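Each chain, letter by letter, is given below.
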Amino acid sequence: GAVVSQHPSWVICKSGTSVKIECRSLDFQATTMFWYRQFPKQSLMLMATSNEGSKATYEQGVEKDKFLINHASLTLSTLTVTSAHPEDSSFYICSASFDIYGYTFGSGTRLTVV
Amino acid sequence: RKEVEQDPGPFNVPEGATVAFNCTYSNSASQSFFWYRQDCRKEPKLLMSVYSSGNEDGRFTAQLNRASQYISLLIRDSKLSDSATYLCVVNPILNTGFQKLVFGTGTRLLVSP
Numbered sequence: 001g002a003v004v005s006q007h008p009s010w011v012i013c014k015s016g017t018s019v020k021i022e023c024r025s026l027d028f029q030a031t032t033m034f035w036y037r038q039f040p041k042q043s044l045m046l047m048a049t050s051n052e053g054s055k056a057t058y059e060q061g062v063e064k065d066k067f068l069i070n071h072a073s074l075t076l077s078t079l080t081v082t083s084a085h086p087e088d089s090s091f092y093i094c095s096a097s098f099d100i101y102g103y104t105f106g107s108g109t110r111l112t113v114v
Numbered sequence: 115r116k117e118v119e120q121d122p123g124p125f126n127v128p129e130g131a132t133v134a135f136n137c138t139y140s141n142s143a144s145q146s147f148f149w150y151r152q153d154c155r156k157e158p159k160l161l162m163s164v165y166s167s168g169n170e171d172g173r174f175t176a177q178l179n180r181a182s183q184y185i186s187l188l189i190r191d192s193k194l195s196d197s198a199t200y201l202c203v204v205n206p207i208l209n210t211g212f213q214k215l216v217f218g219t220g221t222r223l224l225v226s227p
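Protein sequences appear in the order of chains R and D.
Using my numbering, you'd call the opening residue of the first sequence number 1 and step up by one each time.
Using my numbering, you'd call the opening residue of the second sequence number 115 and step up by one each time.
Next up, chain D with everything else stripped away, as it sits in the complex (with noise of 0.2 Å):
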């Protein structure tokens, strides 16, 4: 099993629609937790840290589910600039400092007009 699973996708969807993504880790003492973005050959960008209370930026809200081991990206009204690659990424360790990051594959998101 990968460490850290997502649906490749592609996610093809109208501008203005809602889009969820989701992810499945599986070290249950991993304790950090992001969604990156990744355009065409480009590299990765933070686009927000992933919190067990669930976190809202702007448009784009992240839940984590620590019993079931999975995270998801919610993003709404959807803009042809948010056609990207959306990865998972999990931190297995934090106490022990600084640790490598666990990327999934990623989802890709075609954003038409």
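For reference, chain R alone in the conformation it holds in the complex (with noise of 0.2 Å):
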């Protein structure tokens, strides 16, 4: 149980373009899911949290109109990189809170912007 499925797991796209990532919880409602980003060599540096029905809690220098966060659903949350620049480049993972103790993250979507 507690499954995230997280789409897509890679994409190149140009410069300037927009991207979207999902998260779906599949057999759970996520009330709550949060959103990292991995450099290489790097730890995952949170985000934002998003809340169900509610404006993203977004992390000290993540720029909020670049990054746009939608929790429309118990089960559906998604990342919008826009206006995508090459150091926009890394792994985007989202992760959702199953209960108070647990954790589960998406399989990640790696993202290179050219």
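Simulated from the structure, these hints should not be mistaken for lab results.
The structure presented is a predicted model; accordingly, all values stated were derived computationally and were not measured.
Glycine included, C-beta positions come from ideal geometry on N, C-alpha and C.
Errors might be hidden in some of the hints.
Unchecked claim - Over 10 Å on every C-beta distance to chain R, these chain D residues come out as not near it, computed from the model: (1) Ala143; (2) Pro158; (3) Thr219.
Claimed, not checked - Computed footprint of chain D on chain R; a stretch qualifies when at least three of its residues, placed anywhere within it, have a C-beta under 8 Å from a C-beta of chain D: (4) 37-44; (5) 88-96; (6) 105-114.
With the hints as a guide, bring both chains together as one complex.
Here it is, written out as structure tokens:
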């Protein structure tokens, strides 16, 4: 149980375009989802926390107008990277909490902006 | 000071060896602690939670020292398949509900034949 499906697993896009990444909780309702970014040889860094039906909470230094998060239902959260640039190339991972102790991760999306 | 600190390694060990990783955390109010394993270009997967009394799962033993604010992971009889990056993860506060996880940079383990 407690599976999060993340799509796409990888994407290559041109600089200036937008990319949407989806995370779905398949067998549980995720009130809260977390979006992380991981650069090579670095740790996962939390970008934002999204709560169903309300605005996402962004970590310091993360541009909310650039990384748009929508959590319109209890099973779906999306991250849209707007006007992507090469420095946005990274591994993006979502996570959902299925109880107060448990977190499950999506399989990640490798974004390459050329 | 980073919230969670780990030695990045890599730790190069032969099969069958015992290896230990340590991790320190800065927030003394932290309540929950975990070790995750991450393979290259994959998502992290929970290896084990860490309890105050220490806990063991097969070849893996986790310990928590609240006074010194460090967490350890011991792997006995290393297998080739143990090669991965081990992430120390801390949940700073528990009693206000779901909270963010803070990840260490990870310790890379390479087990060789």
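A quick look at each hint next to the structure:
1. Ala143: holds (16 Å)
2. Pro158: About 6 Å separates Pro158 of chain D from the closest Cβ of chain R, which leaves it inside 10 Å; violated.
3. Thr219: For Thr219 of chain D, whose nearest Cβ neighbour in chain R is about 4 Å away, the distance does not exceed 10 Å, so it is violated.
4. 37-44: holds (count 4)
5. 88-96: holds (count 3)
6. 105-114: Since 5 is at least three, the answer is holds.
Checked against the numbered hints given earlier, this structure breaks hints 2 and 3; the rest are met.
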